[in-house]
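Q: For reference, the chains in residue letters:
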Amino acid sequence: MVEVGLTHFLVVSAFLFAFGLYAIITRKNAILVLMGVELVLNAANINFVAFSRYSNYGLNGQLMALFVIVLAAAEAAIALAIVLNIYKTFGHVNVDEIDNLKE
Amino acid sequence: MSESSLISLAVTILLLPLVGFFIVLLFGKRFEHLYKLEVGIISVALLLSIYAGFVKLTSYVNDTIIAQFTWIDLGNVPTIGHLTVNLGIMIDNVTIIMLFVVTLISALVHYFSIAYMKGDIRFSRYFAYLGIFTFSMLGIVIADNLLMIYIFWELVGLSSYLLIGFWYEKKSASDAGMKAFLTNRIGDIGMFIGILILFTNYHTFSFTEIFNHISNGVVPFGSNGWLTAAGILVFMGAIGKSAQMPLHVWLPDAMEGPTPVSALIHAATMVAAGVYLVARIFAMLTADAMLVIAVVGAVTSIFAASIALTQNDIKKVLAYSTVSQLGYMVMALGVGAYTFAFFHLVTHAFFKGLLFLGSGSVIHSMHHEQDMRNMGGLKRKMPITYITFLIATLAISGIPFTSGFLSKDGLLAGTWAFGNLTGHYLIPIIGFTVALMTAFYMFRLVIMTFHGEPRNQHKYDHAHESPKLMTIPLIILASLSIFIFYTPNPVAPADGWFYNWVKAPQTVVPEEARFEFMKSESHEIEGTVNNDSHGGSGSGSATITHSEMYEHAMHAVHYPAMILSIILAGLGILFAFLMYHWKKIDADKLAEKLKPLYNLSYNKWYVDEIYSFLFIERLLDFSRFISWFDATIVDGIVNYSATFTRGVANITGWFDTYIVDGLVNFTAFVSGFVGLSFRKMQTGKVQTYIVYVVFSVIIILLVLRPF
Numbered sequence: 001m002v003e004v005g006l007t008h009f010l011v012v013s014a015f016l017f018a019f020g021l022y023a024i025i026t027r028k029n030a031i032l033v034l035m036g037v038e039l040v041l042n043a044a045n046i047n048f049v050a051f052s053r054y055s056n057y058g059l060n061g062q063l064m065a066l067f068v069i070v071l072a073a074a075e076a077a078i079a080l081a082i083v084l085n086i087y088k089t090f091g092h093v094n095v096d097e098i099d100n101l102k103e
Numbered sequence: 001m002s003e004s005s006l007i008s009l010a011v012t013i014l015l016l017p018l019v020g021f022f023i024v025l026l027f028g029k030r031f032e033h034l035y036k037l038e039v040g041i042i043s044v045a046l047l048l049s050i051y052a053g054f055v056k057l058t059s060y061v062n063d064t065i066i067a068q069f070t071w072i073d074l075g076n077v078p079t080i081g082h083l084t085v086n087l088g089i090m091i092d093n094v095t096i097i098m099l100f101v102v103t104l105i106s107a108l109v110h111y112f113s114i115a116y117m118k119g120d121i122r123f124s125r126y127f128a129y130l131g132i133f134t135f136s137m138l139g140i141v142i143a144d145n146l147l148m149i150y151i152f153w154e155l156v157g158l159s160s161y162l163l164i165g166f167w168y169e170k171k172s173a174s175d176a177g178m179k180a181f182l183t184n185r186i187g188d189i190g191m192f193i194g195i196l197i198l199f200t201n202y203h204t205f206s207f208t209e210i211f212n213h214i215s216n217g218v219v220p221f222g223s224n225g226w227l228t229a230a231g232i233l234v235f236m237g238a239i240g241k242s243a244q245m246p247l248h249v250w251l252p253d254a255m256e257g258p259t260p261v262s263a264l265i266h267a268a269t270m271v272a273a274g275v276y277l278v279a280r281i282f283a284m285l286t287a288d289a290m291l292v293i294a295v296v297g298a299v300t301s302i303f304a305a306s307i308a309l310t311q312n313d314i315k316k317v318l319a320y321s322t323v324s325q326l327g328y329m330v331m332a333l334g335v336g337a338y339t340f341a342f343f344h345l346v347t348h349a350f351f352k353g354l355l356f357l358g359s360g361s362v363i364h365s366m367h368h369e370q371d372m373r374n375m376g377g378l379k380r381k382m383p384i385t386y387i388t389f390l391i392a393t394l395a396i397s398g399i400p401f402t403s404g405f406l407s408k409d410g411l412l413a414g415t416w417a418f419g420n421l422t423g424h425y426l427i428p429i430i431g432f433t434v435a436l437m438t439a440f441y442m443f444r445l446v447i448m449t450f451h452g453e454p455r456n457q458h459k460y461d462h463a464h465e466s467p468k469l470m471t472i473p474l475i476i477l478a479s480l481s482i483f484i485f486y487t488p489n490p491v492a493p494a495d496g497w498f499y500n501w502v503k504a505p506q507t508v509v510p511e512e513a514r515f516e517f518m519k520s521e522s523h524e525i526e527g528t529v530n531n532d533s534h535g536g537s538g539s540g541s542a543t544i545t546h547s548e549m550y551e552h553a554m555h556a557v558h559y560p561a562m563i564l565s566i567i568l569a570g571l572g573i574l575f576a577f578l579m580y581h582w583k584k585i586d587a588d589k590l591a592e593k594l595k596p597l598y599n600l601s602y603n604k605w606y607v608d609e610i611y612s613f614l615f616i617e618r619l620l621d622f623s624r625f626i627s628w629f630d631a632t633i634v635d636g637i638v639n640y641s642a643t644f645t646r647g648v649a650n651i652t653g654w655f656d657t658y659i660v661d662g663l664v665n666f667t668a669f670v671s672g673f674v675g676l677s678f679r680k681m682q683t684g685k686v687q688t689y690i691v692y693v694v695f696s697v698i699i700i701l702l703v704l705r706p707f
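Protein sequence lines, in the order shown, are assigned to chains A and B.
Once you know that position 44 of the first sequence is 44 in this note's numbering, the rest is easy, because the numbers rise by one and skip nothing.
Once you know that position 670 of the second sequence is 670 in this note's numbering, the rest is easy, because the numbers rise by one and skip nothing.
Do not take every clue at face value.
Unchecked claim - Label pairs and their in silico Cβ distance ranges:
| id | chain 1 | residue 1 | chain 2 | residue 2 | range |
| --- | --- | --- | --- | --- | --- |
| 1 | A | His92 | B | Thr667 | 26 to 32 Å |
| 2 | A | Glu38 | B | Ser677 | 33 to 39 Å |
| 3 | B | Met681 | A | Ala77 | 28 to 34 Å |
| 4 | B | Ile699 | A | Ile98 | 45 to 51 Å |
| 5 | A | Asp96 | B | Thr667 | 33 to 39 Å |
| 6 | A | His92 | B | Ile659 | 26 to 32 Å |
What the hints assert, rightly or not - Calculated pairs, SDA-like style, for lysine to any residue (alpha carbon to alpha carbon, straight line, at most 20 Å):
| id | chain 1 | residue 1 | chain 2 | residue 2 |
| --- | --- | --- | --- | --- |
| 7 | B | Lys685 | A | Asn42 |
| 8 | A | Lys28 | B | Val686 |
| 9 | A | Lys28 | B | Lys379 |
| 10 | B | Lys685 | A | Leu80 |
| 11 | B | Lys685 | A | Ala73 |
| 12 | B | Lys685 | A | Arg27 |
| 13 | B | Lys118 | B | Thr643 |
| 14 | B | Lys685 | A | Leu10 |
| 15 | A | Lys28 | B | Tyr689 |
| 16 | A | Lys88 | A | Phe17 |
| 17 | B | Lys583 | B | Asn312 |
| 18 | B | Lys685 | A | Leu59 |
| 19 | B | Lys503 | B | Lys118 |
| 20 | A | Lys28 | A | Val93 |
| 21 | B | Lys584 | B | Asn603 |
| 22 | B | Lys685 | A | Leu66 |
| 23 | B | Lys685 | A | Ile82 |
| 24 | B | Lys379 | B | Asn456 |
| 25 | B | Lys685 | A | Asp96 |
Think of the hints as simulated: they come from the structure by calculation, not from any bench.
For clarity, every value in this text was computed on a predicted model and none was experimentally measured.
By construction, the Cβ of each residue, glycine as well, lies at the ideal position given by its N, Cα and C atoms.
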């Protein structure tokens with residue numbers, strides 16, 4: 001039986017990060033993109049907690065993770081407000097078609 | 001009357017015609033009768049000069065009155081010292097006589113012209129020109145220095161140009177004016193150089209000062225040759241003005257001017273100026289210079305007389321006769337017969353003025369017909385003109401009891417004496433030959449014009465005697481052509497006042513440059529000299545000075561010369577009558593027989609043609625060459641440099657377009673290309689950017705990895 005170590009956590013976190021990133025890049029729906037962002041944030045949280053558990057920094061990591069969760073909530077609120085505005089402006093939330101930055 | 005008031009009188013006489021000139025020139029168009037002012041002014045000048053002459057000849061007969069003033073003060077000139085240019089007035093007997101002659105002829109010409117020029121479109125301007133002409137001539141007469149003479153000399157040239165070309169609408173008239181002016185300029189160049197030679201050496205223009213320097217033994221550049229050169233060069237001015245060979249060509253052409261102008265130019269003013277100039281510089285002429293002058297005069301006189309023999313235009317005959325008579329005067333000055341040269345100048349002024357005015361009267365009544373072949377028989381229609389003209393003709397032919405006889409006879413005696421003293425016998429021979437020819441062609445003119453049957457009936461019917469304004473001047477001049485005004489004894493000019501008033505100035509040239517007979521050392525005079533009028537002092541041996549020696553020689557030949565000249569004149573007149581009046585000798589047949597000679601004379605020895613070929617054509621050739629040079633070489637260089645510049649410009653233009661612009665365009669193209677390719681990345685899609693970020697982070701991590 002293999003003992004669960006830091007590496008396993010990091011691998012899970014990496015996968016989560018990758019999935020989140022993948023969602024951000026590939027999803028067309030803005031809501032889904034935001035969900036990808038949440039995955040990425042949570043990957044970061046796992047990392048914080050894992051590093052904190054396997055080192056002697058006390059509870060610094062866990063504390064930082066709590067900050068991130070709070071931040072994510074605030075972020076989600078603002079982001080959803082933006083998405084609502086986008087919807088009002090364009091009538092949809094398809095990020096592919098929101099390319100007004102181009103020229 | 002004091003000397004200074006005599007000077008102011010002379011200046012007044014000088015300035016009067018100038019005042020008339022300006023007034024008439026400026027206001028003549030507005031006030032039609034202003035010409036009367038000019039005529040009045042010249043009459044006043046005439047009266048004043050008569051008065052001046054009276055004062056001079058009664059109170060100061062042997063004095064030379066000179067008044068000078070500084071014209072330009074040049075200050076202290078290095079190597080020369082204080083240098084001033086003085087002008088001044090000199091009044092001697094020659095001056096005073098010339099003043100009278102000039103103003104008289106000028107006044108008569110003025111009166112004559114009132115009738116002759118009636119109805120001319122530039123009537124008042126004509127009188128203005130006469131005024132400035134008279135002014136210029138008077139300036140020459142009273143000048144005491146060469147500079148002033150030169151200035152007025154050129155003024156005479158200018159006014160002759162204006163008068164000869166007066167009818168400038170006629171091409172031939174304006175050409176003649178230009179020819180007169182340009183031909184005179186040629187002589188004037190020599191004159192100017194001569195004056196400058198004298199000024200360079202003596203730093204003065206004044207005659208008396210120059211003569212003083214020479215008599216003190218100072219000759220130009222220390223050589224008598226230069227003195228000769230100066231004399232001949234100044235004489236060149238006279239060659240031009242007095243129409244001597246080879247610059248005589250302007251005078252016959254000058255007949256294009258109105259006839260009274262011809263009278264003025266050819267009698268008393270312009271042509272006399274040359275002789276007057278030679279008379280003024282007479283004292284400084286060396287033997288060589290005098291010989292040159294004598295030869296020029298002799299050649300001119302026979303040459304012109306030979307042309308006058310065959311001309312058919314009445315004015316052309318008179319023109320060549322003027323040239324011939326001027327040659328006489330110049331020749332006389334050259335041989336040293338100063339008094340008679342000047343005497344002939346005066347008498348010639350009257351009778352030649354009369355001849356020209358008479359011919360003007362004829363031309364006027366014939367409605368501007370000048371060809372003698374269309375005249376004839378006019379003596380019945382124009383008795384006054386005929387008689388006065390005949391008197392002048394007798395005078396110029398040298399018939400006794402006329403003024404011309406006195407002066408011409410003395411003049412010929414002078415040449416003969418010169419021949420005896422120096423051995424130059426050709427000069428008297430020419431002189432006497434010309435006397436024969438003169439009598440012939442003048443009577444030919446008179447017979448063709450006034451005698452015989454009219455050749456052109458139509459013109460003859462319309463001919464009429466001229467109005468009084470024209471005949472009275474003729475009568476005055478005719479009376480002045482009679483001996484009594486000059487001497488009580490019609491065969492001995494030496495008895496007359498002229499001979500006493502006008503004496504040859506003592507020569508000032510160095511001994512070795514004088515004629516043998518002019519040297520001041522004593523001469524043994526040969527007892528063989530046959531001297532009837534000199535009271536026997538010529539017999540035996542006596543010591544005499546040069547002028548006495550010349551006088552002796554002249555007295556010796558006086559009567560032979562007189563008899564010979566009368567015979568020759570008679571012969572000339574006889575031939576003229578034989579050929580043209582009685583027609584015993586057929587003139588045409590004679591001309592046919594002497595065809596080459598006749599052609600030479602009739603065509604004026606082809607002088608104009610020769611000049612045209614030698615100078616005018618060559619000048620045109622030269623001009624054409626210059627023109628070719630200009631068009632080909634100069635323009636070629638300009639064009640070539642233009643082409644060259646254009647070539648260079650083309651190359652730099654190409655360089656600019658392809659290299660400089662190419663670089664710029666290439667840079668633009670590269671940045672454009674880069675921009676284009678980078679633009680592709682800017683999709684505006686956030687997700688794409690995130691992909692870039694992810695990849696970039698991965699790359700950075702790979703690059704910055706610690707191992």
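Q: Could you run down the list of hints and mark each one as holding or not?
A: Comparing the hints with the structure gives:
1. His92(A) x Thr667(B): 26 to 32 Å: Given range 26 to 32 Å: violated, Cβ gap about 44 Å.
2. Glu38(A) x Ser677(B): 33 to 39 Å: holds, 36 Å
3. Met681(B) x Ala77(A): 28 to 34 Å: Given about 33 Å between the Cβ atoms, the range holds.
4. Ile699(B) x Ile98(A): 45 to 51 Å: Given a distance of about 27 Å, which is not inside 45 to 51 Å, the answer is violated.
5. Asp96(A) x Thr667(B): 33 to 39 Å: This hint holds: roughly 37 Å between Cβ atoms.
6. His92(A) x Ile659(B): 26 to 32 Å: With a Cβ separation near 55 Å, histidine 92(A) and isoleucine 659(B) fall outside 26 to 32 Å, so the hint is violated.
7. Lys685(B) x Asn42(A): Violated. Lysine 685(B) to asparagine 42(A) sits at ~25 Å, over the 20 Å cutoff.
8. Lys28(A) x Val686(B): holds, 11 Å
9. Lys28(A) x Lys379(B): violated, 142 Å
10. Lys685(B) x Leu80(A): holds, 19 Å
11. Lys685(B) x Ala73(A): violated, 25 Å
12. Lys685(B) x Arg27(A): holds, 12 Å
13. Lys118(B) x Thr643(B): Violated, at about 65 Å.
14. Lys685(B) x Leu10(A): Violated. Lysine 685(B) to leucine 10(A) sits at ~31 Å, over the 20 Å cutoff.
15. Lys28(A) x Tyr689(B): holds, 14 Å
16. Lys88(A) x Phe17(A): Since the Cα atoms of lysine 88(A) and phenylalanine 17(A) sit roughly 31 Å apart, the hinted pair is violated (cutoff 20 Å).
17. Lys583(B) x Asn312(B): holds, 17 Å
18. Lys685(B) x Leu59(A): violated, 40 Å
19. Lys503(B) x Lys118(B): Given pair lysine 503(B), lysine 118(B) is violated - Cα atoms ~43 Å apart, limit 20 Å.
20. Lys28(A) x Val93(A): holds, 8 Å
21. Lys584(B) x Asn603(B): violated, 26 Å
22. Lys685(B) x Leu66(A): Roughly 32 Å between the alpha carbons, so the hint for lysine 685(B) and leucine 66(A) is violated.
23. Lys685(B) x Ile82(A): holds, 16 Å
24. Lys379(B) x Asn456(B): With Cα atoms ~14 Å apart, lysine 379(B) and asparagine 456(B) stay inside 20 Å; holds.
25. Lys685(B) x Asp96(A): holds, 6 Å
In terms of the numbered hints stated before, the structure departs from hints 1, 4, 6, 7, 9, 11, 13, 14, 16, 18, 19, 21 and 22, listed from lowest to highest.
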